[in-house]
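J.: Take a look at the letters that make up each chain.
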Amino acid sequence: MKFAVIVFPGSNCDLDMYHAVKDELGAEAEYVWHEETSLAGFDGVLLPGGFSYGDYLRTGAIARFSPIMNAVKQAAEEGKPVLGVCNGFQILLEAGLLPGAMLRNEKLKFICAPVKLVVENTGTPFTAAYDDGQEITIPVAHGEGNYFCDEATLKQLKDNKQIVFTYKNNINGSVANIAGITNKAGNVLGMMPHPERAVDQLLGSKDGLALFQSILSHWREKNAITS
Amino acid sequence: MYEVKVFVTLKEAVLDPQGSAVKNSLHHLGYEGVEDVRIGKVLTLRIDSSADKVEAVVQEMCEKLLANTVIEDYRYEIEEVVTS
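Chains as they are written, first to last, in my numbering: chain A, 3 to 229; chain B, 439 to 522.
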């Protein structure tokens with residue numbers, strides 16, 4: 003399986019993302035500069051965290067118009083797994099690939115800490131290796147992770163089981179403790195916590211590795227690859 | 439040539455933590471009559487367009503990029519300016 007790690011000007015978690023899938027997961031990975039227009043040959047797309055375009059105007063608002071985003075949309079429509087972490091999540095929201103928007107953290111503080119998450123849905127390509135209701139520890143690092151959507155959208159998210167991760171204790175004011183959601187089809191996941199920073203016990207937690215293992219297992223099953 | 443001011447603010451239904459912090463600060467300064475503070479942004483644009491098109495263009499830009507209508511409202515003022 004080959005992953006594309008999209009690099010925007012201002013991305014700063016691209017190396018961690020590459021390391022997670024290449025070295026810890028053992029899959030193939032390549033950096034793709036945001037000015038590229040094709041994702042042909044890639045089986046999965048990773049949008050890393052950071053501060054694309056310096057968070058100017060709104061987080062993710064300018065990156066969503068990068069040339070590569072048409073190819074990201076196409077990959078999503080084709081059913082390929084697309085994962086956006088932190089700023090990557092914010093870009094997916096601005097691009098309309100996921101519903102809702104991000105606000106400043108309720109207490110206006112940049113939060114950088116390991117947090118407890120609850121796995122709410124294991125029926126996605128990203129979470130099959132977890133147990134339902136499992137508590138995992140994954141670090142967050144954001145100033146704008148206060149997820150907002152209106153009540154009608156929240157109802158849809160709940161009815162379609164699109165809420166995948168919640169904070170055990172609401173750290174930033176997010177609606178319904180939301181830490182990560184998928185699109186309706188389930189192949190696009192956005193989350194504020196950083197699974198790519200939790201892939202080695204040396205760094206405090208490897209609870210994030212199962213997310214990448216889930217993606218790989220799902221791809222192998224889908225393509226009937228047994229090895 | 440047109441000079442356009444676009445005002446972007448959080449929707450009424452969306453909590454504005456920055457505005458709340460500023461309101462509290464104003465109360466500490468003794469301005470207890472301040473009931474609400476909302477923080478927004480102003481974008482000033484100069485646009486070369488025609489009278490019949492300028493408003494449609496501004497609205498399109500607001501919808502596409504300048505405001506995120508999930509959380510923000512926008513309004514604009516359009517003024518024709520004479521270029522020398």
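Keep in mind that a hint or two might mislead.
[Stated by the list, open to error] Pairs of lysine-lysine, DSS-like flavour, derived with a Cα cap of 25 Å:
1. K502/B <-> K443/B
2. K502/B <-> K491/B
3. K75/A <-> K479/B
4. K461/B <-> K449/B
5. K109/A <-> K443/B
6. K111/A <-> K461/B
7. K118/A <-> K208/A
8. K186/A <-> K502/B
9. K160/A <-> K449/B
10. K186/A <-> K224/A
11. K502/B <-> K109/A
12. K491/B <-> K111/A
13. K491/B <-> K109/A
14. K111/A <-> K449/B
15. K449/B <-> K157/A
Derived by calculation from the structure, the hints in this document are not laboratory data.
J.: Decide, hint by hint, whether the structure agrees.
T.: Tested hints:
1. K502/B <-> K443/B: 16 Å, holds
2. K502/B <-> K491/B: This hinted pair holds, its Cα atoms lying about 17 Å apart.
3. K75/A <-> K479/B: 30 Å, violated
4. K461/B <-> K449/B: Given pair K461/B, K449/B holds - Cα atoms ~17 Å apart, limit 25 Å.
5. K109/A <-> K443/B: With Cα atoms ~30 Å apart, K109/A and K443/B exceed 25 Å; violated.
6. K111/A <-> K461/B: Given that 25 Å is the threshold and the Cα spacing comes to 18 Å, the pair holds.
7. K118/A <-> K208/A: 13 Å, holds
8. K186/A <-> K502/B: 23 Å, holds
9. K160/A <-> K449/B: Given pair K160/A, K449/B holds - Cα atoms ~24 Å apart, limit 25 Å.
10. K186/A <-> K224/A: 19 Å, holds
11. K502/B <-> K109/A: Not satisfied, since the Cα-Cα distance of roughly 29 Å exceeds 25 Å.
12. K491/B <-> K111/A: 43 Å, violated
13. K491/B <-> K109/A: The hint is violated at about 43 Å.
14. K111/A <-> K449/B: 21 Å, holds
15. K449/B <-> K157/A: 20 Å, holds
When each numbered hint is compared with the structure, violations occur for hints 3, 5, 11, 12, 13.
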